[in-house]
Every structure is written in C-alpha cells, then in structure tokens.
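Since chain A is already given, all that's left is putting chain B on it; use the hints.
So the protein sequences, as listed, match chains A and B. For the first sequence, position 58 matches number 58 in the working numbering, and the numbering has no gaps at all. For the second sequence, position 305 matches number 305 in the working numbering, and the numbering has no gaps at all.
These aren't lab readings, by the way, just hints derived from the structure by calculation. Worth double-checking, as some hints may not be accurate.
Given that identical chains are not distinguished, each listed pair holds provided it fits within a single copy or across any two copies.
Below, a list of computed lysine to any residue pairs in the SDA-like style, where the Cα atoms sit at most 20 angstroms apart [stated by the list, open to error]: (1) LYS150 with PHE224; (2) LYS195 with GLY167; (3) LYS183 with PHE224; (4) LYS102 with ARG308; (5) LYS54 with ILE320; (6) LYS284 with GLY131; (7) LYS9 with GLU58; (8) LYS183 with VAL68; (9) LYS9 with SER192; (10) LYS102 with SER73; (11) LYS217 with GLU287; (12) LYS195 with ASP208; (13) LYS284 with ILE141; (14) LYS150 with TYR24; (15) LYS54 with SER22; (16) LYS284 with PHE224; (17) LYS150 with LYS284; (18) LYS102 with GLN72; (19) LYS150 with ILE280; (20) LYS102 with GLY131; (21) LYS102 with GLY74; (22) LYS183 with GLU310; (23) LYS195 with PHE224; (24) LYS217 with PRO288; (25) LYS195 with THR290.
Predicted, not measured: the structure shown is a model, and the values here were computed from it.
There are 2 protein chains.
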Amino acid sequence: MNIPYADLKAEFTRVLHKLSFSEYKAALCAGIFADNSLDGVYSHGVNRFPVFVKYVREGLVQAHAEPVVAEQSGAIEKWDGQYGPGMYNATLAMNRAVALAKENGIGCVALKNTNHWMRGGTYGWQAANSGCIGICFSNTIANMPAWGGKEPRLGNNPLIIAVPRQGGHIVLDMAMSQYSYGKLQENSLRGSALKVPGGYDITGALTDDPDAIMASKRALPIGFWKGSGLSFVLDVLLTAITGGNSTARITASGGEAGLSQVFICLHRPEYEQALVDEIIAYSKSGEPVTAGEPVLYPGENTLATRRRNEAAGIPVDDRIWKSIREM
Amino acid sequence: MNIPYADLKAEFTRVLHKLSFSEYKAALCAGIFADNSLDGVYSHGVNRFPVFVKYVREGLVQAHAEPVVAEQSGAIEKWDGQYGPGMYNATLAMNRAVALAKENGIGCVALKNTNHWMRGGTYGWQAANSGCIGICFSNTIANMPAWGGKEPRLGNNPLIIAVPRQGGHIVLDMAMSQYSYGKLQENSLRGSALKVPGGYDITGALTDDPDAIMASKRALPIGFWKGSGLSFVLDVLLTAITGGNSTARITASGGEAGLSQVFICLHRPEYEQALVDEIIAYSKSGEPVTAGEPVLYPGENTLATRRRNEAAGIPVDDRIWKSIREM
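In isolation and in its complexed conformation, chain A is listed as follows (with noise of 0.2 angstroms):
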C-alpha cells in the first residue's frame, strides 16, 4: 500500500512519543525515517523503525541522551554522544560542523559513543541544503574480511560526500562492501544472482550467488584490496580522530552501538556551478552501455525517486505499517 509522506512521519511521531522522546528529538527522528522512505531506502526507514524501537525498549539507545562536547580546538570538536539515537546525534554533529565551516572555511566533529545513523545520505543532504560540502563516515560491526582474510574483520563503514548544487545536490552514500547483507538477502529471496560478483564462496571462488555469499561470510569490499584499504583507514581515521570505538571494539561488545562517526564540512562563497554542470554533462555525453540508459550522477535517482513518492505515497509493506500501527 501506497502512505502519504505526512501520515508516515505523523506514526513515527506518535510512536516515539510514547517511547518518551521529546517533542522536538521525536520529530526530527521521525523526519529522518519518513524522509529515508520517501528517498527510496526502505531498508533504513520505514522497514528499519521497528529494530530502531526494539533497540530503544532494550537501551541500547538512549532515548534521552544528549550529545556533550568533550573538547575544542579551533575548527574541529569532539563530541561524546552518550549512547543517544543516532539520527539525532548526526544531525546535531553535522549542523555543528556546518557552523564551524561558515566561521572557519572547514570544520570538523568527530562523535564517539553514537549509534546507527541509518542512512548516511542524510547528512550529506543536510550539509547541501545548508550550502556546505559535506564529508561524512561511520564505522560499523566487523561484515567483511579485509583483503587476505577469510573472516570479517572490517565493518563496511560508509562513506557520503556532498556538493551542494542548485539543480539538485550531488551526493554520493556508498558502503565498503559490493552489496550489503540486506541486498544479498533480498537477491536469495528472489532467486537472483547478483548482478556482479559479490563475493567468494565456501571454496574461495568468486560468486554473484548471494546464498553462496552469505554460507562463507566472504562478502566482497569494493575494488577488492582497494576498498579494504579504504575500509581500514576510515576506521583508523574514526577511532584516531574520536578515541571512540573501532570496529574491533564494535564488534567485541556483541551489538551494533557505541559507533564512531566524523563530520567534516567546507564553505565556500561559490560551488563554481557552472563547471560542476559542465562536469555532468560531459559523464552524460558518451555512448550508454544500454540504449536509453543514461548515465547517472550520484543522487539523480535519489532526487528522481523523492518526486514519484511525494507524488504517489511511500510503498510500505502492509505487516511492517500494521505493526507500527499497533505500537
């Protein structure tokens, strides 16, 4: 079934109210989940909010945490985020870093003691519309081996960068991994293999079957060596910046919280458009692969899904909308 924008968030609202969030913490969770839906990433909206819920009934998100800042240099804080939600503390980090940009030219947060940003995008989009650039990336719980390894050592710690642009943002949300275990799932339920290799199986052969995948735990970092590189060292950069946890620790603790994240922003009086604009077309100007196929800036189809769900709903599966219903 097909959900009004307004009457998702209204739910999320009501729901998080009755968990004891405040009004203002409970309406810019509730944004966050209903405007990850109306992008088209179900998987960290309204098919997330039920697990966010558990996690809040279980405390493993502080419903009443604030973030506090645990020291100041120049243009870059550090933040401790008190085990709060982790859409809230993001979007406090993010509009901080914001400031720290408009004052400074660039500036930094780094949040220790977070929890799960759902999507990353969020804040890159956040960081566009207040006319910065914005740098975000997060560790999570160990999902892949690093390259050599046969057990999941790195977490799949991804990685946004936004440039604000007046025909629409360019923001680029991608995850170390080819394909997340989420997307592996939903190909094994549709029979699918995937449509490029997404890991090695049992045998250590390169494999597009996701059940394959998911028997070994040898999910693929992108680029092989290149994205386990990139992996490492964004934790590296996380744990080092925000002496919060890595994805060794993360991982040790059992759940997925008390995650590191940094936030980095720029300012600058002009984005140079035109030649930004110039850049897209130039990617656009070639022969496509597949005819009528253009190729795609990053964030063209986010901005493409946003105006058909404000147009026709949000699809939501009817036994997730009946359980939130009944919360």
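Just chain B now, kept in the frame of chain A:
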C-alpha cells in the same frame, strides 16, 4: 642493476639543474623521484623521470613557475599552481595545509593549474611525517567510462589518506580504476591474466584479459557503480573548491596538464595509538586466505620495500638508467 638512493637522487638533481631548476626546487623534485623509487613505486619514480623531463622541455611543466595564493578565508586557501612542477606545488600545498591544521585543528589548500604529482602517497607520508592526518586527491585525464557508459569520461582520480603512527604511518594511496593502464600493459607484456576482473571486453563481458580491456578502453572502476560515483564526486569536489579544470576540461585540452588537487589536514594532540594498533592486530587476527600471507595494512608493504631498497639499492632498468645518465 641496483643503484644506491644517493646516486639516483644526485643524477636526478644534476639533470634538473641542467633544465634550469633552482637549487631548492631541483633537490625537492629529485628527492621525490628518488623516494618514490626507494618505496618501490618505479612507475612514478625512475621510470617516469624521462617523461617528466620531456614535459619540462616541451613547456607543459613550467620549471620557473611558483604557486600563488589566490584567496584566503579562515583555514582554507585557494592556490594557483601556475603550471609549475606538480611535485613542487603539491609539497608546498601540503606543507601549508599542515600549518593551517596546526593553527586551526583542520586546514585545507585547494590547488588549481598544477601538474601531475607523480605518486599521491608522497604527500600522505609528508603529512604523517609532520604529525598530521593528511587527505588529498587529484583529478586526471579521462581514462575510464562512468558506470553505464562505454567511453572514458572519468579520471582514475587518486585518493590518499594518511594517519600518523609511531610503528609506521598508515598510508592509503588508491586510484579509482581497478588497474592503471600501466598495470594492464605490464600484465600484457608478461602474457598473464589479471588477478581479478579489470574491465570489459569489446562485447561488454567482464574480463581479466589486459589486452581485451586496452582494446575496449573500458577499464573497471573499483566496485563498479561505486568507484564510478566516487571518482565522479572527487572531480566535482576538486572543481567546486579550486575553480580549476575538471577531468572534462583536462581531457579537452589534449595533454594531462593543469590538474586540480585538494589537500586537507587534521591535527590532534594525539592519535590514539593504542587503539589504532588494536585495529591492526584485529585485522591480522583471522585465518589468512593463503597460509603464511598475513593481512597487510595500507603502507605496511611500502615500508618493507623501503627497508629492502635501502639495504640493497634500487632496482633500475639498464636502458632507463643509461638514458638518464646521458641527459
């Protein structure tokens, strides 16, 4: 034959003097070519030196140019490299980013109209040696298709991330294509297949045959659509911040000159060395794919090669060495 580091550097310095480089600039550039060779990156060290000399002679690289500060705001500076030697401009830019970070916690130098910086990792090691986290990236001429396109429209835009560490800095230096054209050629000459798929053949099938990829010009971005997006957004960032040439403009100009580069540094009183060492230990703690071949962290291999070449001299191709001696 193996050449001691000091002899290699002396030869480079002699040739650059002859090309009317100032004493300081000749020593700096010769040092970088020698260091890159020492670290095993011969493609951007001794093997590249004759090409650099050619570029200087042809005026694509301006030996006497000095970078100028075009704009200053807070902890960001915009520089114009005036088409000077890329290694010289990049070293000065990273030095300034280090100084800005030591003043403000974080700093950025955006450099336009510069030239090829040879090995990007050079500036990561430089930042880490100066006690800073360094992040830098460059655009290049178009050398791979965007995801969904058939013709080269993206550069392989290297990204470097370095974190200081007492036991050896962590330095990631990765281009956005799975293999460079240099690597494809190396494999082609040896008649060997690539270790992993590196692009598409003329029929659009994924292949590990280097000749098939050079024929189709369809090199693979790391992680398929993901590396394509990351390469695109790095070029957008570079252009939006520096106001300089994008990959589109560099490609249109015909030669690979007038590049754009960004240097970001972060400075912290400490980099949580114990926690970082824990990440390294964790990544090495699983069962390796090949017994006796442990997981390596980015930079570990470089350091091992450096030690080897310090002891035994730098392996240099006889003909290349002869051609340099005759310059």
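Outcome of the hint check:
no., hint, verdict
1, LYS150 with PHE224, "within (13 angstroms within a copy, 23 angstroms between copies)"
2, LYS195 with GLY167, "neither (30 angstroms within a copy, 41 angstroms between copies)"
3, LYS183 with PHE224, "both (18 angstroms within a copy, 16 angstroms between copies)"
4, LYS102 with ARG308, "neither (34 angstroms within a copy, 48 angstroms between copies)"
5, LYS54 with ILE320, "within (14 angstroms within a copy, 66 angstroms between copies)"
6, LYS284 with GLY131, "neither (26 angstroms within a copy, 42 angstroms between copies)"
7, LYS9 with GLU58, "neither (23 angstroms within a copy, 63 angstroms between copies)"
8, LYS183 with VAL68, "neither (35 angstroms within a copy, 49 angstroms between copies)"
9, LYS9 with SER192, "neither (33 angstroms within a copy, 57 angstroms between copies)"
10, LYS102 with SER73, "both (16 angstroms within a copy, 10 angstroms between copies)"
11, LYS217 with GLU287, "between (37 angstroms within a copy, 13 angstroms between copies)"
12, LYS195 with ASP208, "both (7 angstroms within a copy, 17 angstroms between copies)"
13, LYS284 with ILE141, "between (37 angstroms within a copy, 16 angstroms between copies)"
14, LYS150 with TYR24, "neither (45 angstroms within a copy, 49 angstroms between copies)"
15, LYS54 with SER22, "within (18 angstroms within a copy, 67 angstroms between copies)"
16, LYS284 with PHE224, "between (27 angstroms within a copy, 17 angstroms between copies)"
17, LYS150 with LYS284, "between (39 angstroms within a copy, 10 angstroms between copies)"
18, LYS102 with GLN72, "both (16 angstroms within a copy, 14 angstroms between copies)"
19, LYS150 with ILE280, "between (39 angstroms within a copy, 16 angstroms between copies)"
20, LYS102 with GLY131, "within (9 angstroms within a copy, 26 angstroms between copies)"
21, LYS102 with GLY74, "both (13 angstroms within a copy, 9 angstroms between copies)"
22, LYS183 with GLU310, "neither (25 angstroms within a copy, 48 angstroms between copies)"
23, LYS195 with PHE224, "both (16 angstroms within a copy, 10 angstroms between copies)"
24, LYS217 with PRO288, "between (34 angstroms within a copy, 14 angstroms between copies)"
25, LYS195 with THR290, "within (14 angstroms within a copy, 28 angstroms between copies)"
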